[in-house]
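Participant: Given next are the chains, with one letter for each unit.
There are 2 protein chains.
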Amino acid sequence: MTSALSEAERRHWLRLARTENVGPVTFDQLIRRFGTAGQALAALPDLARRGGRAIKLATDAAIDKELADGAALGARLIASCEAAFPHALAALDPPPPVIWARGRAELLDRPSVAIVGARVASAAGQRFARGLASELGQAGHVIVSGLARGIDAAAHEGALPSGTVAVLGGGVDDIYPPEHAKLYARIAEDGCVVSESEPGRTAVARDFPRRNRIISGLSQAVVVVEAELRSGSLITARLAAEQGREVLAVPGSPLDPRAKGTNDLIRQGAAICEGAEDVLRALEGLRGLHEPDRSYGAGPTADPDDALREAVAALLSPTPVSRDEIVRATSAPAPLVFAALVELALAGRAELLPGGMVATA
Amino acid sequence: MTSALSEAERRHWLRLARTENVGPVTFDQLIRRFGTAGQALAALPDLARRGGRAIKLATDAAIDKELADGAALGARLIASCEAAFPHALAALDPPPPVIWARGRAELLDRPSVAIVGARVASAAGQRFARGLASELGQAGHVIVSGLARGIDAAAHEGALPSGTVAVLGGGVDDIYPPEHAKLYARIAEDGCVVSESEPGRTAVARDFPRRNRIISGLSQAVVVVEAELRSGSLITARLAAEQGREVLAVPGSPLDPRAKGTNDLIRQGAAICEGAEDVLRALEGLRGLHEPDRSYGAGPTADPDDALREAVAALLSPTPVSRDEIVRATSAPAPLVFAALVELALAGRAELLPGGMVATA
Numbered sequence: 001m002t003s004a005l006s007e008a009e010r011r012h013w014l015r016l017a018r019t020e021n022v023g024p025v026t027f028d029q030l031i032r033r034f035g036t037a038g039q040a041l042a043a044l045p046d047l048a049r050r051g052g053r054a055i056k057l058a059t060d061a062a063i064d065k066e067l068a069d070g071a072a073l074g075a076r077l078i079a080s081c082e083a084a085f086p087h088a089l090a091a092l093d094p095p096p097p098v099i100w101a102r103g104r105a106e107l108l109d110r111p112s113v114a115i116v117g118a119r120v121a122s123a124a125g126q127r128f129a130r131g132l133a134s135e136l137g138q139a140g141h142v143i144v145s146g147l148a149r150g151i152d153a154a155a156h157e158g159a160l161p162s163g164t165v166a167v168l169g170g171g172v173d174d175i176y177p178p179e180h181a182k183l184y185a186r187i188a189e190d191g192c193v194v195s196e197s198e199p200g201r202t203a204v205a206r207d208f209p210r211r212n213r214i215i216s217g218l219s220q221a222v223v224v225v226e227a228e229l230r231s232g233s234l235i236t237a238r239l240a241a242e243q244g245r246e247v248l249a250v251p252g253s254p255l256d257p258r259a260k261g262t263n264d265l266i267r268q269g270a271a272i273c274e275g276a277e278d279v280l281r282a283l284e285g286l287r288g289l290h291e292p293d294r295s296y297g298a299g300p301t302a303d304p305d306d307a308l309r310e311a312v313a314a315l316l317s318p319t320p321v322s323r324d325e326i327v328r329a330t331s332a333p334a335p336l337v338f339a340a341l342v343e344l345a346l347a348g349r350a351e352l353l354p355g356g357m358v359a360t361a
Numbered sequence: 001m002t003s004a005l006s007e008a009e010r011r012h013w014l015r016l017a018r019t020e021n022v023g024p025v026t027f028d029q030l031i032r033r034f035g036t037a038g039q040a041l042a043a044l045p046d047l048a049r050r051g052g053r054a055i056k057l058a059t060d061a062a063i064d065k066e067l068a069d070g071a072a073l074g075a076r077l078i079a080s081c082e083a084a085f086p087h088a089l090a091a092l093d094p095p096p097p098v099i100w101a102r103g104r105a106e107l108l109d110r111p112s113v114a115i116v117g118a119r120v121a122s123a124a125g126q127r128f129a130r131g132l133a134s135e136l137g138q139a140g141h142v143i144v145s146g147l148a149r150g151i152d153a154a155a156h157e158g159a160l161p162s163g164t165v166a167v168l169g170g171g172v173d174d175i176y177p178p179e180h181a182k183l184y185a186r187i188a189e190d191g192c193v194v195s196e197s198e199p200g201r202t203a204v205a206r207d208f209p210r211r212n213r214i215i216s217g218l219s220q221a222v223v224v225v226e227a228e229l230r231s232g233s234l235i236t237a238r239l240a241a242e243q244g245r246e247v248l249a250v251p252g253s254p255l256d257p258r259a260k261g262t263n264d265l266i267r268q269g270a271a272i273c274e275g276a277e278d279v280l281r282a283l284e285g286l287r288g289l290h291e292p293d294r295s296y297g298a299g300p301t302a303d304p305d306d307a308l309r310e311a312v313a314a315l316l317s318p319t320p321v322s323r324d325e326i327v328r329a330t331s332a333p334a335p336l337v338f339a340a341l342v343e344l345a346l347a348g349r350a351e352l353l354p355g356g357m358v359a360t361a
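Line by line, the protein sequences are chains A and B.
In this text, residue positions in the first sequence follow this note's numbering: the first is 1, and each later residue adds one.
In this text, residue positions in the second sequence follow this note's numbering: the first is 1, and each later residue adds one.
Chain A with its partners taken away, still in its complex shape (with noise of 0.2 Å):
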């Protein structure tokens, strides 16, 4: 953690984020290497190659044109290694390297509830999300949510007036659904908009996962209203537990399809939420989130061997396995399994996946 990057770092951190095949877990694994993003950046080409495939790194024109778009939206970068970064996502393991904050970035800092769910709501399962909001916002509570239609506009709207964050899978400036662009505008003026992705980049169906990701990411708990089985708000709250948030949802009738998701969470161990203080008292038992000891720099410095490169590439399918798993089934040093994984992932050949898991790409 440094207080905040130079102008340099900051392009070479970000050059190494918007790079191919680098996801947030390879991104981790680099930095801890190789101590720097300037020094991941010069090691690339070769750990790719060596991985069994060129890489192609971000140009620089591609990130004059990120730091340019966002300078004119009045959006600031923030890094995972700056002290600006928001403490509870910081807690992630592996964090996202980098968020774009447009509006009041000081929000994202503050204690933070999450409120989710379908975008075909009902009137009620509206009502119900915006007046919770809006007592959680008086209680001292950061709202944030997604800004979709249905529960998470209702969630900002009832937060307006306290605070409330909305997280996008496209750039900061990706106003989606259209009709909300009233609303956008008034979070990005009182609230906070946050994204992972570069200005000007238009969600498409692979941004949400990671976007869920930084809603629950950023919340101390995160209440499901309304939800069916198998919808993205089941998959929030599911993120929310691995990272040890609390989970809450709003129970309903079994005649109502909107209430299977929830009332499912609920069966799984989910608190019932029916108001503010359900959600009050679950923060109470809550301990506080702990950044994983990271040690930037200092890594490892030998290089795998191409046999046992190529081994632990056999081992991978697309069906996750622990990173330990492999390192058992080679019987090679830990340290070299993880940077074998790690070129196998650069060219492409491997993915790195949050939670220590591994498939192939």
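Check the hints yourself; a few may be wrong.
Since copy identity is lost for identical chains, a pair holds within one copy or between any two.
To be verified - In silico SDA-like links for lysine to any residue, alpha-carbon gap of 20 Å or less:
| no. | residue 1 | residue 2 |
| --- | --- | --- |
| 1 | 260 | 280 |
| 2 | 260 | 277 |
| 3 | 260 | 272 |
| 4 | 260 | 120 |
| 5 | 56 | 45 |
| 6 | 260 | 271 |
| 7 | 260 | 281 |
| 8 | 182 | 203 |
| 9 | 260 | 275 |
| 10 | 260 | 124 |
| 11 | 56 | 41 |
| 12 | 65 | 20 |
| 13 | 182 | 119 |
| 14 | 260 | 119 |
No wet-lab data here; the hints were simulated from the structure.
We have chain A already, so just place chain B on it with the hints.
Facilitator: Then chain B, alone, in the frame of chain A:
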């Protein structure tokens, strides 16, 4: 447990059950001590006098009338010591000393599920209860409820083709509410109507806890569909939990006051019920019910002296305490303290409660 009482024994059993100040706990204690209802009846006047007040035994005329009334209705009196007494009820500690059954009494020994809930129920709640009763009925379960308006009636209706039991607070001929006369007639014909009270009795408020205890007592599981906070259905659920029965509750929106009670049950550990499958799953995990060892007869014969009896009386208050606590406080042998409590109960100076608790009457 005897296969069936003789005519004379049955009269004694009923007369003891109908004598003032003889509740189920006192009844059970007296049978344990004296072996038969006849011997207990013979001892009663003396015991009550020792307790401090004369006792009025139920009159022969009253017993004649009750037996004649029941016979006129085609109803059957079953004593808790008889083989025909429902096994699930016999497992209660203590069981009701007698029940009247009108209709197909054989249903009382089939696997049963109680469905209870709000009298002022929503149309959706009634539809849910009816469907649940029908599905559980098709799965081989008798549906037990209380013939009340709303959820109770819907549950009975759904289970009419497969088998349903209505437990009444008044006598087995006490049709309440009056608009359920037709439903009552069908249950008395195809199902079974049960009551602990004498035929002809109109239910009053204090009959309902006993009625609720039989509803849960007859059932392996109790499902609560819609209930406000502090409602009778929640009392049935609590009794069910105390009796070792499964308790399930149907969740609902926090905006619906009829879901407050069921959501609260779920908070307290009740299983979520979204349909028949949930009930069947809960029953799979259920251990069999075991009748407590009553070892009728061969009870202690020693009599407590006046000093002990008054010491015990002085320890009682309107707040129930366990009999064991009284034993500890007196340092006297437990059988003597229990005998003193029975004497005080018969004299109307103590109330023996299920679960081994005792208070001033």
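Participant: Which numbered conditions among the earlier hints are violated in the structure presented, ordered from lowest to highest?
Facilitator: Failing hints: none at all.
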